[in-house]
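Undergrad: Sequence lines, in order, name chains P and S.
Note that the first sequence covers residues 151 to 533 in the numbering used here.
Note that the second sequence covers residues 151 to 533 in the numbering used here.
Keep in mind that a hint or two might mislead.
Where chains are identical, the list cannot tell them apart; a pair therefore holds if satisfied intra-copy or between any two copies.
To be verified - SDA-like, lysine to any residue: derived pairs with alpha carbons at most 20 angstroms apart:
1) K188 to A527
2) K460 to E269
3) K156 to H231
4) K481 to E385
5) K367 to V254
6) K510 to Q277
7) K246 to Q468
8) K367 to G252
9) K327 to E280
10) K460 to T442
11) K364 to Y251
12) K307 to T153
13) K155 to D329
14) K364 to D384
15) K362 to D478
16) K380 to P279
17) K380 to G530
18) K460 to T183
19) K239 to A381
20) K246 to P369
21) K276 to E230
Simulated from the structure, these hints should not be mistaken for lab results.
Number of protein chains: 2
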Amino acid sequence: MPTLKKYLFTPGPAPVPPEVLLEMARPVIHHRTPEFSKTLDEARARLKPLFGTAQEVLLLASSGTGAMEAAVVNLLAPDEHAVFVNGGKFGERWGKLLTTYGMVPHEVKVEWGRAVRPEQVEDALKQHPEARTMLVQASETSTCAVHPIPAIGEIAKRRGVMLIVDGITSVGVFEQKMDAWGIDALVTGSQKALMLPPGLGMIALSPRAWDKAKSVKTPRFYFDLNRELKAQRDEHTTAWTAAVSLIFGLNKSLELIHAEGLDRVYARHALMAQATREAGLALGLGLIAPETPAPSVTGLLAPNGIDTGKVVKHMRDQLGVSVQGGQDQMKGKLVRIGHMGDVSPFDMLIAVSALEMALKFSGMELRMGAGVAAVQARIGAGV
Amino acid sequence: MPTLKKYLFTPGPAPVPPEVLLEMARPVIHHRTPEFSKTLDEARARLKPLFGTAQEVLLLASSGTGAMEAAVVNLLAPDEHAVFVNGGKFGERWGKLLTTYGMVPHEVKVEWGRAVRPEQVEDALKQHPEARTMLVQASETSTCAVHPIPAIGEIAKRRGVMLIVDGITSVGVFEQKMDAWGIDALVTGSQKALMLPPGLGMIALSPRAWDKAKSVKTPRFYFDLNRELKAQRDEHTTAWTAAVSLIFGLNKSLELIHAEGLDRVYARHALMAQATREAGLALGLGLIAPETPAPSVTGLLAPNGIDTGKVVKHMRDQLGVSVQGGQDQMKGKLVRIGHMGDVSPFDMLIAVSALEMALKFSGMELRMGAGVAAVQARIGAGV
C-alpha cells in the first residue's frame, strides 16, 4: 500500500481549513490593544447568528467542558435542584458537574441513541418542582442523537424553568434559535463546526440568566462570567489572557462560514449526514439513532461479532482515515463518523470507502462499493 | 514615516518563532491517538528540566490564571488558612483566588518593586501557625521584581509548610529548581518564555502536594488535577479535549529551547534584562525594582510629568513597538519592556530606540542614543 493522506472524520476535533491554520500562524499581538479588540468584537458579533441570539457571546480560553462548567457554576447555587437529561456521555457530564459543585441533580435517563421525549422532561419537572433549571444536549455526540430543544424550550418557558443547552456539536451544524426557543445558556467549543483547533469555549446567556448569574454565590474565578461580560462587552478584551491565535482563527473561520452562508452550511451538514446514514444502511449496518439522527456525527452499528474497535483502528492505522468507536456500553459496537465543519459531501466517499474496507478486513460480509454508491446517489439527489 | 514592522516586547504574550507558528498550522489530529500521545509525552518530558523537577508536568487548556486556580482548588480546602505574598497584581490574584474559594488568606504586603524579605515570610508563618500553605510569585510581572524562592523554600521546608509558586514569567526565563528548592506546586503559562500563543497552562506538583490533592475536598471539575494526572501520565492523553495545536507548538518550542541549551537561554534573558536596565539608567530613568530586577521584564520609571501611558501608546501606534505601561498605582509612571522567549539582545536596540523617541515626543529631555549605546555596550561586554 502506498502512503495515504490522512483524513479526520472524528466527532471532534474536526478538520481546520488551511486559511484558518495560516491565520492562526500570524504573529501574536497583545490582548489589550485596539487591534485585538477589533478582532474580538468582530468574532463575537459573527457568532451571534450561529447561536440565534441577540445576546453577548463570550469566549473562554478552555475546551467545551470548561464552558459547560461556566454555565453550571454561574447559574446554579449549591443545594439547588436541577433536572438534567442523561442520554449519553455528555448528558452524564452535566450530572457530574452538578454533583461536583454541590447541586442536587435529578436525572432523566434516556436510552442511548434516543431523543428525550418532551413528556419525560415535563414529568421530571412536575416531579421535582423545586428544580428551577434544566440541562440538556442539543446534540449528544456520544450517541449521535439530537434532543428536541424547541419542544423542551416550550416546556421550560411555560414552567418558568431556566434552560441550559450544550451546543458543542450543534452550533454551526444546524440552526440554533437560542432566543426564540427560550434557551437561557448555550455553550459550544471551537473544535467542531467552527473549524478550529480545540482550546476555545463559548457561551451566551439570556437576560434572565444574567440576572441569576449576578446573585448566584457558587465560587468561581477563572470561569466568572460576570467578569468576562464586563471585560468583553465593555472593555473589548478578555478578563484573563486571551487565546489570541485561536481568536484570530475563529474570526477567519466565521468569515468563511458567513461567506458560504449559514443556510448552505446547514444544508451541507444535513446532506453529509443523510448520505452517511444511507451508506450505512446499504452496507447492512444499523443506525444507533434512527429516529433523531444528528447532522454532526453519524453512528453506525456493526453486526454481532464485528468489533468496531478493530474497524476504527484499521481505518486509522492502515488507511489513514480517523473516525471513532463507541464509548462505554457502545464500545466495540459503534462506529461514529463525524462530518462537521470543513468537510464536504464528497469527502464521505472516502470515509465510507475506508469503512467498507475495514469492515471487510474485520470479517464482515458485505457488498463492497454499496456504501460508496449510496453516498454518490445522495449527493446527486440532494437533501 | 514609512510603514514600520511591528515588534512585541510586552510582558506577555511574547513573540512566537515562525517554526512554532508553522508547527501549529499542521492539520489537527484527534487527541486520543498514538500520534497525539507521542507529542504530549514528549512535550511533558521536555518541560521537566525547565521546572527543575522529576515530577509530572501537566498541561491544561487554559491561560496561566487557570493553572493558578488549579493549584488553589486542588491543594487548599475551604476554611483553610494560607499566607500569600502580595507584591503586585499577581500576588493580589493569589489573594482573590483564596478568598473566592473560601480559604482564609493572610497577606504579606510588599511594596511594589521590592522582593519579599525571607524574614517577612517567616514572621507571617509564625504569626499564623494555622496556615500550612504559602503562595508567592517567582517573578511578579506587574512590578518586574523577583522574590527569593530558594530562601522561601528553605523556610517552608523547615516549617513543613506547602509552597505554591507562580512561575508564569520565570519558567524558561531563569533557572527553576522546583525539587531542590522545595516547591510543592509550580505553575506557568504558554505565552511567555515558552514562545507560544496564550491558551496552555502548566502545573507540576510535589509528591506531598499530590497526597494532599487526594484528600482536599474543594469542588473542582475542569481543573481536577487527579483526573488530569491519570489521563496524562497513565493514558497519555488529556482528561478534556486537548488544545492539540498549542501542544504541537509547545513540543516544537521546547525542541528549540533545548537545542539552544537551557544555560544559554537563561544567559540570554539575563543579558537582555541587564542591557535594558542600563539603557534606562543611561536615559535618566529609574528602575522600579533596582535590587531584585526580573530577567523577564524590565520596569523603567519615567520622571514626574511624563505620562508613560502616552509613551506606550506612541511607541505602539506611531512606531510599531509594543511594550506595556504600569497597572493600578503604577499607571502612567512605569514602562514595562518584556524580553522573554524568542527575543535576542540585539532586539533591545529596537525597544530602547523606540522608547527614547517616545520619551522625547512626550516632552522628556534626554540625550538621544544614550540608551541604544548602553544596550550595544552591554551586548559587547556580555553578562
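Undergrad: All hints, please: hold or fail.
TA: Now the hints, each set against the structure:
Taking CA atoms no more than 20 angstroms apart as the test, K188 paired with A527 passes in neither setting, with 45 angstroms inside one copy and 40 angstroms between copies. Taking CA atoms no more than 20 angstroms apart as the test, K460 paired with E269 passes in neither setting, with 39 angstroms inside one copy and 62 angstroms between copies. With identical chains, the CA atoms of K156 and H231 are never at most 20 angstroms apart, being 46 angstroms at best within one copy and 53 angstroms at best between copies. Proximity of K481 and E385 under a CA criterion of 20 angstroms is satisfied inter-copy only: 17 angstroms between copies versus 47 angstroms inside one chain copy.
In this assembly of identical chains, the alpha carbons of K367 and V254 lie at most 20 angstroms apart whether taken from the same copy (16 angstroms) or from different copies (17 angstroms). For the identical chains of this complex, K510 and Q277 are neighbours neither inside a copy (50 angstroms) nor across copies (73 angstroms), given an alpha-carbon limit of 20 angstroms. For the identical chains of this complex, K246 and Q468 are neighbours neither inside a copy (37 angstroms) nor across copies (52 angstroms), given an alpha-carbon limit of 20 angstroms. For the homomeric pair K367 and G252, the shortest alpha-carbon distances inside one copy (12 angstroms) and between copies (11 angstroms) are both at most 20 angstroms.
For a Cα distance limit of 20 angstroms, the shortest separation of K327 from E280 qualifies neither inside one copy, at 27 angstroms, nor across copies, at 53 angstroms. Taking the shortest Cα distances, K460 and T442 never come within 20 angstroms of each other, neither inside one copy (27 angstroms) nor across copies (59 angstroms). For the identical chains of this complex, K364 and Y251 are neighbours both inside a copy (18 angstroms) and across copies (17 angstroms), given an alpha-carbon limit of 20 angstroms. In this assembly of identical chains, K307 and T153 lie within 20 angstroms of each other by CA distance neither inside one copy nor across copies; the values are 55 angstroms within and 56 angstroms between.
In this assembly of identical chains, K155 and D329 lie within 20 angstroms of each other by CA distance neither inside one copy nor across copies; the values are 42 angstroms within and 44 angstroms between. For a Cα distance limit of 20 angstroms, the shortest separation of K364 from D384 inside one copy, 17 angstroms, qualifies, whereas the shortest one across copies, 40 angstroms, does not. With identical chains, the CA atoms of K362 and D478 are never at most 20 angstroms apart, being 35 angstroms at best within one copy and 31 angstroms at best between copies. For a Cα distance limit of 20 angstroms, the shortest separation of K380 from P279 qualifies neither inside one copy, at 34 angstroms, nor across copies, at 39 angstroms.
Taking the shortest alpha-carbon separations for K380 and G530, neither the intra-copy value of 50 angstroms nor the inter-copy value of 48 angstroms comes in at or below 20 angstroms. In this assembly of identical chains, the alpha carbons of K460 and T183 lie at most 20 angstroms apart only when taken from different copies (14 angstroms versus 51 angstroms within one copy). For a Cα distance limit of 20 angstroms, the shortest separation of K239 from A381 across copies, 17 angstroms, qualifies, whereas the shortest one inside one copy, 33 angstroms, does not. Taking the shortest Cα distances, K246 and P369 sit within 20 angstroms of each other both inside one copy (17 angstroms) and across copies (11 angstroms).
Within a single copy, K276 and E230 get their C-alpha atoms as close as 16 angstroms, which meets the 20 angstroms cut-off; across copies the closest is 41 angstroms, which misses it.
Of the hints listed earlier, those the structure fails to meet are numbers 1, 2, 3, 6, 7, 9, 10, 12, 13, 15, 16, 17, in rising order.
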